[in-house]
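Visitor: Each chain, written out:
There are 2 protein chains.
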Amino acid sequence: MSKIERLRGFKDYYPEDMQKREEIFSIMRNAAKSFGFLPIDYPSLEMLEIYRIKSGDELVGQTYNFKDKSNREITLIPEATPSTMRMLVSRKDLVKPVKWYNIPKLWRYEEPQSGRNREHYQFNADYFGETGIEIDAELIALACETLNRMGLKGMYVVRVNHRKLMEKILSKLGCVNIQSSISTIDHFRKESIETIGNKLRDDGVVDDNLNRLLNFLSKSYPVSEIQNSIKDLGLDLLEDEDFLRMISTVEFLFKNGYEDIVYDPSTVRGLSYYTGIVFEGFDVDGKFRSIFGGGRYDNLSQLFEGQEIPAVGFGMGDAVLENLLKEKNLWKVDNGHSSYFLVGMGREGKNKAANLLYKLRRNGKTAVMENSERNISNSLKHASSMNFTHAIIIGEKELTERSLTIKNLINGEQKKIGENELDEL
Amino acid sequence: MSKIERLRGFKDYYPEDMQKREEIFSIMRNAAKSFGFLPIDYPSLEMLEIYRIKSGDELVGQTYNFKDKSNREITLIPEATPSTMRMLVSRKDLVKPVKWYNIPKLWRYEEPQSGRNREHYQFNADYFGETGIEIDAELIALACETLNRMGLKGMYVVRVNHRKLMEKILSKLGCVNIQSSISTIDHFRKESIETIGNKLRDDGVVDDNLNRLLNFLSKSYPVSEIQNSIKDLGLDLLEDEDFLRMISTVEFLFKNGYEDIVYDPSTVRGLSYYTGIVFEGFDVDGKFRSIFGGGRYDNLSQLFEGQEIPAVGFGMGDAVLENLLKEKNLWKVDNGHSSYFLVGMGREGKNKAANLLYKLRRNGKTAVMENSERNISNSLKHASSMNFTHAIIIGEKELTERSLTIKNLINGEQKKIGENELDEL
Numbered sequence: 001m002s003k004i005e006r007l008r009g010f011k012d013y014y015p016e017d018m019q020k021r022e023e024i025f026s027i028m029r030n031a032a033k034s035f036g037f038l039p040i041d042y043p044s045l046e047m048l049e050i051y052r053i054k055s056g057d058e059l060v061g062q063t064y065n066f067k068d069k070s071n072r073e074i075t076l077i078p079e080a081t082p083s084t085m086r087m088l089v090s091r092k093d094l095v096k097p098v099k100w101y102n103i104p105k106l107w108r109y110e111e112p113q114s115g116r117n118r119e120h121y122q123f124n125a126d127y128f129g130e131t132g133i134e135i136d137a138e139l140i141a142l143a144c145e146t147l148n149r150m151g152l153k154g155m156y157v158v159r160v161n162h163r164k165l166m167e168k169i170l171s172k173l174g175c176v177n178i179q180s181s182i183s184t185i186d187h188f189r190k191e192s193i194e195t196i197g198n199k200l201r202d203d204g205v206v207d208d209n210l211n212r213l214l215n216f217l218s219k220s221y222p223v224s225e226i227q228n229s230i231k232d233l234g235l236d237l238l239e240d241e242d243f244l245r246m247i248s249t250v251e252f253l254f255k256n257g258y259e260d261i262v263y264d265p266s267t268v269r270g271l272s273y274y275t276g277i278v279f280e281g282f283d284v285d286g287k288f289r290s291i292f293g294g295g296r297y298d299n300l301s302q303l304f305e306g307q308e309i310p311a312v313g314f315g316m317g318d319a320v321l322e323n324l325l326k327e328k329n330l331w332k333v334d335n336g337h338s339s340y341f342l343v344g345m346g347r348e349g350k351n352k353a354a355n356l357l358y359k360l361r362r363n364g365k366t367a368v369m370e371n372s373e374r375n376i377s378n379s380l381k382h383a384s385s386m387n388f389t390h391a392i393i394i395g396e397k398e399l400t401e402r403s404l405t406i407k408n409l410i411n412g413e414q415k416k417i418g419e420n421e422l423d424e425l
Numbered sequence: 001m002s003k004i005e006r007l008r009g010f011k012d013y014y015p016e017d018m019q020k021r022e023e024i025f026s027i028m029r030n031a032a033k034s035f036g037f038l039p040i041d042y043p044s045l046e047m048l049e050i051y052r053i054k055s056g057d058e059l060v061g062q063t064y065n066f067k068d069k070s071n072r073e074i075t076l077i078p079e080a081t082p083s084t085m086r087m088l089v090s091r092k093d094l095v096k097p098v099k100w101y102n103i104p105k106l107w108r109y110e111e112p113q114s115g116r117n118r119e120h121y122q123f124n125a126d127y128f129g130e131t132g133i134e135i136d137a138e139l140i141a142l143a144c145e146t147l148n149r150m151g152l153k154g155m156y157v158v159r160v161n162h163r164k165l166m167e168k169i170l171s172k173l174g175c176v177n178i179q180s181s182i183s184t185i186d187h188f189r190k191e192s193i194e195t196i197g198n199k200l201r202d203d204g205v206v207d208d209n210l211n212r213l214l215n216f217l218s219k220s221y222p223v224s225e226i227q228n229s230i231k232d233l234g235l236d237l238l239e240d241e242d243f244l245r246m247i248s249t250v251e252f253l254f255k256n257g258y259e260d261i262v263y264d265p266s267t268v269r270g271l272s273y274y275t276g277i278v279f280e281g282f283d284v285d286g287k288f289r290s291i292f293g294g295g296r297y298d299n300l301s302q303l304f305e306g307q308e309i310p311a312v313g314f315g316m317g318d319a320v321l322e323n324l325l326k327e328k329n330l331w332k333v334d335n336g337h338s339s340y341f342l343v344g345m346g347r348e349g350k351n352k353a354a355n356l357l358y359k360l361r362r363n364g365k366t367a368v369m370e371n372s373e374r375n376i377s378n379s380l381k382h383a384s385s386m387n388f389t390h391a392i393i394i395g396e397k398e399l400t401e402r403s404l405t406i407k408n409l410i411n412g413e414q415k416k417i418g419e420n421e422l423d424e425l
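Protein chains in written order, with full-length UniProt numbering: chain R, 1 to 425; chain Y, 1 to 425.
Take the hints with a grain of salt, since some may be wrong.
A pair holds if it fits inside one copy or across any two, identical chains being indistinguishable in the list.
List time: in silico BS3-like cross-link candidates among lysine-lysine, alpha-carbon distance up to 27 Å [what the hints assert, rightly or not]:
id, residue 1, residue 2
1, K164, K54
2, K164, K190
3, K359, K69
4, K11, K67
5, K416, K397
6, K168, K231
7, K11, K96
8, K172, K381
9, K190, K415
10, K105, K54
11, K92, K172
12, K54, K255
13, K231, K172
14, K352, K190
15, K168, K190
16, K332, K365
17, K381, K96
18, K199, K164
19, K153, K365
20, K69, K168
21, K67, K54
22, K332, K105
23, K96, K359
24, K365, K96
25, K397, K381
Keep in mind that the hints were calculated from the coordinates and are not lab data. Treat the numbers as computed from the prediction; the structure is a model and nothing was measured.
Please construct the entire structure, taking both the sequences and the accompanying hints into account.
Guide: Now the structure itself:
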């Protein structure tokens, strides 16, 4: 006998939560399928080197890495993109466009906090090989559609921006260290306006330019206002191709039913490899971390292989989603599905119940039978408490009549049917 | 640019395989649900100690274990039962029976071989808190039902035995080291009959007893012959409660539609913690390792906690299953599901296509549109090669008529429908 504890920062999922999580994964898979994305899967362990290439030492410090028996540095995968990219470049025969999704488990060795455990699942979708605005829009639409199918329509907003546009704005405002300023802006809502201002000033954005930039960063613009959004900056960018592209993307989404989208200049995504549109989904109340995030990253494949492959994708973790659904009272399983609890009395009744039990199961129904020696009233109480919708009772009378008594456990109604009507349930 | 390789002993799953694997996982989940099992999930990392308790140092040597930053010995989980057991004993409020399933990823650091990678998924189902033969039967039935739903009915056989019965037989035949002989018998089909005989002789089974035992072990008995199976041993066990229980279990399964079951004295399952029925599923041709295996283990909970909790369960890995399905030509996705490839000509046609595209997707259909500049004939070829069942073409004529041309890509038939008939697809 020994006391075994779960590791800190990890969670067990009991059925009351896991049923809902399965439902959510199923919504993700079905949404991806509707959009023509196909499933892939990759190992949970990779060479540590792959993350050094993409994300540098900060990420590497947060991985569960160790040396294997051959002294190779390997790690539990902390993110999805490098493995996906490895799979993509190692197959030359794939017909473009390649549209893949997966829901891998990922691990980060950092301090656990709300919406962030050391282990989580992440829905990832990526679209490779095409560059049009319809493609950028498709990824944003898929993220929205997934949330809509969970009942979250109207409860989230997608903030979009264009990385290159932002870089041009910074440059025109005097910034001499673009990557540093992008990192600063990435913390816009997390640090004080003074801190942000000081850092941007250090990068060369000063005086009036700085004031205009901070003002610009603090707003976000619905589809009808994007055209005017950058006017106040007084920059020559109204006809800029990236600006126009971003507008077209948002308009395309709006026209096709995805309206909860704003242009948000402070959404830049910290990672250095984004090359075009970037986006993040948040709850409208701003209570949680981002629900999903992604963007276009046409150059990343070059780090893995010589060739450039256009790419746009997103990741949607399960932890923030769970918190949000719980807060909105949407974290409940409602499968509208009948389920049967069979009670047979006496040896013969039990035999008959077992027989019907397996028939129902083979018909795809959820069915269990009473195996303990409870009396009928306690059996029915137990069945109700386990959320079965119907009890099927087989006593002496039913055996003689070749009938079944069916009790609806939700409204208490009871009726008799012939044994041969079972298939119609 | 850098060449990144996948780790040895691990597999990537591209869509051509992953779609089928998703289908298989879905069959597992639905079968478990039909039987009233509920999903759980647990971390992929556990304290290494938990495996020392249950399985000893041999297993521990095959784990991906390492020390974390707090110098704790932790490991990627090599099997499902200890985590399940940890979850079970740490909740006092659970109403029995508890019926749980999961499909976790598991890791073993051993030499990769056919049907055995360093990482695999395993469908696990466990039933806690009840002891009847219906419960033992239910687990075997669930494993069978899962395989049947994959189209494997008639292609597998379940070998069952009763661990305590086997121990009594060994004892009555003179065996003085039961656990050692059980381990020997566990290798019955893997080692020569001489080796097996020598080992059993060392444990005290000699002369005539040894010959009768080896003869007995080499056979298996269908339901109609079980009664007579142990007669030749000349032992006083025909009325033994464990023997009768095993017979009842097999008969129960037979009566309820699961007939591919034999009593197989050499099936003992090596692990020391089994206390009752044990079973393994094999392909009838005997080409592969076991497809699934399990048994009753009423005492294991005592290793985790003082209390004894009746338990029976099984594990079914995905690797042997994949090999078997491939060999039987059943490794193909056939979802009978329509999918649409939309082709819009010109700017206006493309806009209309995008609009219909998102309508179809919101209706739950699989739909994509042509975003590249291929001509129509190449678009249709591409759509066919990607296994889309229908193309929807929107040219100038269709725009004027508010109609759609639908081409069945399987039989080549083509028809026109009104735009407003789209919802009926």
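Visitor: Indicate, hint by hint, whether the structure satisfies it.
Guide: Structure-based check of all given hints:
no.	hint	result
1	K164 with K54	within (19 Å within a copy, 57 Å between copies)
2	K164 with K190	within (23 Å within a copy, 64 Å between copies)
3	K359 with K69	neither (51 Å within a copy, 53 Å between copies)
4	K11 with K67	both (26 Å within a copy, 20 Å between copies)
5	K416 with K397	within (11 Å within a copy, 59 Å between copies)
6	K168 with K231	within (14 Å within a copy, 89 Å between copies)
7	K11 with K96	between (39 Å within a copy, 23 Å between copies)
8	K172 with K381	neither (72 Å within a copy, 47 Å between copies)
9	K190 with K415	neither (61 Å within a copy, 57 Å between copies)
10	K105 with K54	both (19 Å within a copy, 26 Å between copies)
11	K92 with K172	neither (41 Å within a copy, 64 Å between copies)
12	K54 with K255	neither (36 Å within a copy, 59 Å between copies)
13	K231 with K172	within (14 Å within a copy, 95 Å between copies)
14	K352 with K190	neither (65 Å within a copy, 42 Å between copies)
15	K168 with K190	within (24 Å within a copy, 70 Å between copies)
16	K332 with K365	both (21 Å within a copy, 25 Å between copies)
17	K381 with K96	between (57 Å within a copy, 13 Å between copies)
18	K199 with K164	within (20 Å within a copy, 74 Å between copies)
19	K153 with K365	between (31 Å within a copy, 20 Å between copies)
20	K69 with K168	neither (49 Å within a copy, 43 Å between copies)
21	K67 with K54	both (20 Å within a copy, 26 Å between copies)
22	K332 with K105	both (23 Å within a copy, 26 Å between copies)
23	K96 with K359	between (46 Å within a copy, 24 Å between copies)
24	K365 with K96	between (41 Å within a copy, 22 Å between copies)
25	K397 with K381	within (22 Å within a copy, 65 Å between copies)
In this structure, the hints that do not hold are numbers 3, 8, 9, 11, 12, 14 and 20, in rising order.
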